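Those sequence lines, one after another, are chains A, B, C and D.
Last residue of the first sequence: number 355 in this note's numbering, and the count goes up by one each step with no gaps.
Last residue of the second sequence: number 355 in this note's numbering, and the count goes up by one each step with no gaps.
Last residue of the third sequence: number 355 in this note's numbering, and the count goes up by one each step with no gaps.
Last residue of the fourth sequence: number 355 in this note's numbering, and the count goes up by one each step with no gaps.
Since the hints were made in silico from the structure, they are not lab data.
Check the hints yourself; a few may be wrong.
Remember, identical chains collapse to one label, so a pair may be satisfied in a single copy or spanning two.
[Unchecked claim] List time: in silico EDC-like cross-link candidates among lysine to aspartate or glutamate, alpha-carbon distance up to 16 Å:
| # | residue 1 | residue 2 |
| --- | --- | --- |
| 1 | Lys237 | Asp309 |
| 2 | Lys127 | Glu88 |
| 3 | Lys214 | Asp309 |
| 4 | Lys214 | Glu314 |
| 5 | Lys237 | Glu177 |
| 6 | Lys235 | Glu177 |
| 7 | Lys170 | Glu262 |
| 8 | Lys140 | Glu344 |
| 9 | Lys237 | Glu258 |
| 10 | Lys127 | Asp111 |
| 11 | Lys235 | Glu223 |
| 12 | Lys85 | Glu124 |
| 13 | Lys127 | Glu113 |
| 14 | Lys85 | Asp66 |
Keep in mind the model is a prediction, meaning the values are calculated, not measured.
4 protein chains.
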Amino acid sequence: MISAAIVGGTGYTGVELIRLLSAHPEVSIDLLTSRSEAGTRADEIFPSLRGISDIVFSDLGDETLDALQKCDVVFFATPHGVAMKQAEALTQAGVKVVDLAADFRLQSLIDFETWYQQPHSCPELLKSAVYGLPEINREKLADALVVGNPGCYPTTAILGLKPIIELQNKQDTRLIEPRIVIDAKSGVSGAGRQASLALNYAETTDNFKAYGIKGHRHLPEIEQGIEQLLSSQFKHKIRFLPHLVPMIRGMFSTIHLELTTEGCAVDWQQAFETSYAEEAFIDVLPAGVYPDTRSVRASNRLRIAVHQDATRGELTVMVVQDNLVKGAAGQAIQNMNVMFGLDETLGLNAAPIVP
Amino acid sequence: MISAAIVGGTGYTGVELIRLLSAHPEVSIDLLTSRSEAGTRADEIFPSLRGISDIVFSDLGDETLDALQKCDVVFFATPHGVAMKQAEALTQAGVKVVDLAADFRLQSLIDFETWYQQPHSCPELLKSAVYGLPEINREKLADALVVGNPGCYPTTAILGLKPIIELQNKQDTRLIEPRIVIDAKSGVSGAGRQASLALNYAETTDNFKAYGIKGHRHLPEIEQGIEQLLSSQFKHKIRFLPHLVPMIRGMFSTIHLELTTEGCAVDWQQAFETSYAEEAFIDVLPAGVYPDTRSVRASNRLRIAVHQDATRGELTVMVVQDNLVKGAAGQAIQNMNVMFGLDETLGLNAAPIVP
Amino acid sequence: MISAAIVGGTGYTGVELIRLLSAHPEVSIDLLTSRSEAGTRADEIFPSLRGISDIVFSDLGDETLDALQKCDVVFFATPHGVAMKQAEALTQAGVKVVDLAADFRLQSLIDFETWYQQPHSCPELLKSAVYGLPEINREKLADALVVGNPGCYPTTAILGLKPIIELQNKQDTRLIEPRIVIDAKSGVSGAGRQASLALNYAETTDNFKAYGIKGHRHLPEIEQGIEQLLSSQFKHKIRFLPHLVPMIRGMFSTIHLELTTEGCAVDWQQAFETSYAEEAFIDVLPAGVYPDTRSVRASNRLRIAVHQDATRGELTVMVVQDNLVKGAAGQAIQNMNVMFGLDETLGLNAAPIVP
Amino acid sequence: MISAAIVGGTGYTGVELIRLLSAHPEVSIDLLTSRSEAGTRADEIFPSLRGISDIVFSDLGDETLDALQKCDVVFFATPHGVAMKQAEALTQAGVKVVDLAADFRLQSLIDFETWYQQPHSCPELLKSAVYGLPEINREKLADALVVGNPGCYPTTAILGLKPIIELQNKQDTRLIEPRIVIDAKSGVSGAGRQASLALNYAETTDNFKAYGIKGHRHLPEIEQGIEQLLSSQFKHKIRFLPHLVPMIRGMFSTIHLELTTEGCAVDWQQAFETSYAEEAFIDVLPAGVYPDTRSVRASNRLRIAVHQDATRGELTVMVVQDNLVKGAAGQAIQNMNVMFGLDETLGLNAAPIVP
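For reference, chain A alone in the conformation it holds in the complex:
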């Protein structure tokens, strides 16, 4: 059994890690830390866990690090800036780290410090950290000590664009025009488990709005992901705008692309199906079938549909996922499975909940 710790398990990604890891056949959650809730059973805060897990939040103070160092893997479900302070000591003790916050996502120090408004405390380790998208970095993940678990929006954007960028690389011809519009929509759980007037039921329900309009931290992460996929000379200008949907879970990213003449000649349905044929969690929907977010609710699946309008020169890619699973905790476990040489789908096979 893999001995796992969760640091900061009082948020939605924390409880989702507990839910999923409790059913994982090769993992035992041996430590769950929280300063604010030390001494409290997790199922007191989340009664849904009654009968599922009897783990207790602990705050070991100075001894926390010692205890974490005895685990095989530590998941950080903490605010940005926490994991990077402990990652070095953990990796030196041979413990693998999966950070669900942003400390190890952006590989440019300048970008990190610009968007997260704090210096990075372990730039050397950052260099060796792997961006945790198994569908792209599976091989690197197998040897990774530190994994930066992707943001929810970047997961949809990068996986939605990957087959296009790769085909463009392969054909060495521009298939899509430079400007890419990603109009994204997320359920409210993406904003985290917090007391906030803006997230109050009566403020959020029967309402729709955009946010992060002046710039969202996931934009540089998407840009980095696309940049890394590009092996050719073609540049792209990514435009990204997130919106808040009155629903609990779910993310829908609409990617508007303009095809070049060469791009119009491609059978994109075929290209996507081929690209993801071997992926357990990526479901390219049949031509003419379009996704809705509930079709992945509570599961690690991400579904993609492509709609190609040759007459208008348009390609539309629609991507759905559960922001708390493939967009956070599920992907973290998928990364862990790869890091420990397990079957990548272990503990992640549960069906979506519909209705």
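With the hints as your guide, set chains B, C and D onto chain A.
Then chains B, C and D, alone, in the frame of chain A:
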């Protein structure tokens, strides 16, 4: 024009007062106070008011009382305990007071201090305050200086029981068994406009629960209301349990009553229709028609249905209202209309919003 | 492996059966029938099943019965009146039957025919059918050929009252007054998967109402369940009113009971905990903890809280379940586990989904 | 008083017309027709109208036309294809017609017949019909006999783009690149009042999806609107994709535009404010303030925010409206006000409902 002030207009009852009074043909909102938002236009906090009202929150400090004393009526949309500190000075200056909090609802000092955990600062004034249910206290309201605007649940409970109690009084015979069960359900806006984890969208949506299980402040208010209606020797034991419904506005009270043999002989549909025949805002639905909360959304109407099952000896009374209108701001304005000798429906005739 | 068939799998209980049975380690779904959808893959109708199950709806016409007779168990997720037409032939072939509709719930023919407005086609078989509440009929279920899977409301009502009735029996003293008020609330999925104006999103959302006011089919089922528990001379008058909550899944039953003097002396928290100490799916919450429906979402758990107010002589029992799982498909599988001598929790251990 | 008729008032735009016209000081609803509901009071179908309107649905058969011809104005809240069959007879009798369906929106016969799959029955009248966007066609509307009330999406798209197109015209320089992406989101009431599995609460709630992916009828209407605004040589390629949001009312259109060098030099906030300075219902939000749909709920206001990112060469226009008011019934009444020379805001001044 009646010069009105609203003290503490940043909550949901506050914005509802602004919305309704802005359309009232005989009222001008001349003062709107808030400590936290002084200097801010109301429509910055509530963009829905853009183009409706250009009033600015003010905090006049020591001069606030002077300014309030120049108005004709002051609405307190504040936490419990605020109105009672200013009511005396206001009434002495001839200003009428409508308190939307609980300071002037319970006429028993002991009850007030038990349930609200604070001493009452003007017990003399409390004696002359009128409980603001126009359908019961219309005559007293005409001369009232201070009105305690009822709680939302008590409004539904008392008006749902009034025809029964009155008929029992009139017939001087017990028509219903002593125990009355009021199983009530409210939308989330009833909990106020506040940052609260329990009210977070992702905590509240697709969820249903009871609350106030160990005792809710509206119970003594309901008991007082029923007590005051009883002119006969019959006592009742009221049982009250509120629940939280994942909807913004709306309140539904289900009142379960057991009929005596004499009670089974009554035509309750007829009794209710007769009782409320002259009331502009009380709508007794035709036999066999049952209410839903949306049928009163954003309006001052309260609808009642009665279902009588002679075989089982059961009477069920179902009452719906918009908790922010007839349950709060609308009723406050209805009270004001009575207090100033205006047509009681002035400013309150807008149709419910469906869908 | 147990070979299972699902007749009529296009509704919400049908897709829930597919979801749960697909993850059951001892069951294989070998047949899925539907007239309207014959030839269609289940995952075309329910894209959430893509990658989970590749089963195809079939309509074998005259050969359907032959095919069903080759299975070990047949689940009927059909309208009322379908299972009873096939149950005899199936049981004669040694096939076990679990009917999720009402054909085998009410053991009184008169009651069945009164409430469901059709004659019963196999009254003999009805006599031997077992009411599928494992927490009550576990022993009978072990040998049952035909199981009537309980209605969702009766599951909450009967399990919420069982410890009380049983203690009353044991003490041979009336502990609660005869009249029992069950004020119940259900999410919309309980109304089934159908095109209906009343269930349209814009009609149902931000709205709350009662229904079945003139009499609901679950009332005689609750009465039968309580009757069967009563071994003493005490009678009860059950009153039941369901309401529709704007949420997808979840059921909350509030049971209002009046305690006798003897009943006031009982420690009901203790009584409930003792009663359900051995039950895997019944969770009696600690004193002072109250349930919400989401704490059981998508799981087979049913949670109960009891609140006792000795001063007022009141006992309140609050019961939550997921209407599609413990209230339907999950309970059907729990019954099947018992019928086949399997561990009762097999395939039913998944954690609730929160948020 | 203007004598008005509503043909087909059983849908959401119908009840919204009744609600709004009942409060209009210069209009009397004298006729309300429906085949399916003839003889039924409107407030039986919509109990929210109890006490607001006592009008009865009628089906006059052959005499319907006679009765309509006695009115001053007829609103058609019918499916596409109904108004065009009666419009000629009505206008010949001097009755003004406002069609809330699509019969008089598209001025190209080919476009109409392609997108609505039926021949147009009065192409001559179509030529003289006015597209009912008062902010664009106010002068023509003053003399119009037949008005095609715009689709909900086109209202947001055309009004969101108007200041840009007009400034481009004026400066005679391309300010935005040709391709315009309109990513639009609508509440469920936009799909109408109908029994439909896809609109069932349990299918729609906690879910998000795109629709009309292969082509939506509002696209040619948007293209026509933009085409008519363009006086210059510049062409645009409009891309439009609608999405369904789990909310009752509200529409949010996100318009993604790429600025040319000349376009980057424009102060777009200023340009929008200037363009709409005189419009009662168009609210250009201050710089840095962004809209949400609830800020216009149940009102005729449409709010616009512009966000300009000079560095990236991006302009984002966000437009919100209530799809049933400014997107349908409210706009129809605004058109009627103009057609009859009334104050354009008459009957349309009610504040939005928040929360």
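For each hint, the structure was consulted:
For the identical chains of this complex, Lys237 and Asp309 are inter-copy neighbours only, at 13 Å across copies versus 22 Å inside a copy, given an alpha-carbon limit of 16 Å. Taking the shortest alpha-carbon separations for Lys127 and Glu88, only the intra-copy value of 12 Å comes in at or below 16 Å, while the best inter-copy value is 70 Å. For a Cα distance limit of 16 Å, the shortest separation of Lys214 from Asp309 across copies, 8 Å, qualifies, whereas the shortest one inside one copy, 31 Å, does not. In this assembly of identical chains, Lys214 and Glu314 lie within 16 Å of each other by CA distance solely across copies; the values are 11 Å between and 27 Å within a copy.
Taking the closest pair of Cα atoms, Lys237 and Glu177 come within 16 Å of each other both inside a single copy (9 Å) and across two copies (14 Å). In the homo-oligomer, the alpha carbons of Lys235 and Glu177 lie at most 16 Å apart inside one protomer (9 Å), although the nearest pairing across protomers, at 18 Å, exceeds that limit. Only within a single protomer do Lys170 and Glu262 lie at most 16 Å apart by alpha-carbon distance; the minimum there is 13 Å, versus 37 Å between protomers. Taking the closest pair of Cα atoms, Lys140 and Glu344 come within 16 Å of each other only inside a single copy of the chain (14 Å); across copies the shortest separation is 43 Å, beyond that limit.
With identical chains, the CA atoms of Lys237 and Glu258 are at most 16 Å apart both within one copy (12 Å) and between copies (11 Å). In this assembly of identical chains, the alpha carbons of Lys127 and Asp111 lie at most 16 Å apart only when taken from the same copy (14 Å versus 58 Å across copies). Taking identical chains as interchangeable, the C-alpha atoms of Lys235 and Glu223 lie at most 16 Å apart only when both belong to the same chain, with a minimum of 10 Å there against 30 Å between chains. When the C-alpha separation of Lys85 and Glu124 is checked against a cutoff of 16 Å, the pair qualifies only within one copy, where the shortest distance is 13 Å, while the shortest distance between copies is 62 Å.
Proximity of Lys127 and Glu113 under a CA criterion of 16 Å is satisfied intra-copy only: 15 Å inside one chain copy versus 61 Å between copies. Only within a single protomer do Lys85 and Asp66 lie at most 16 Å apart by alpha-carbon distance; the minimum there is 14 Å, versus 57 Å between protomers.
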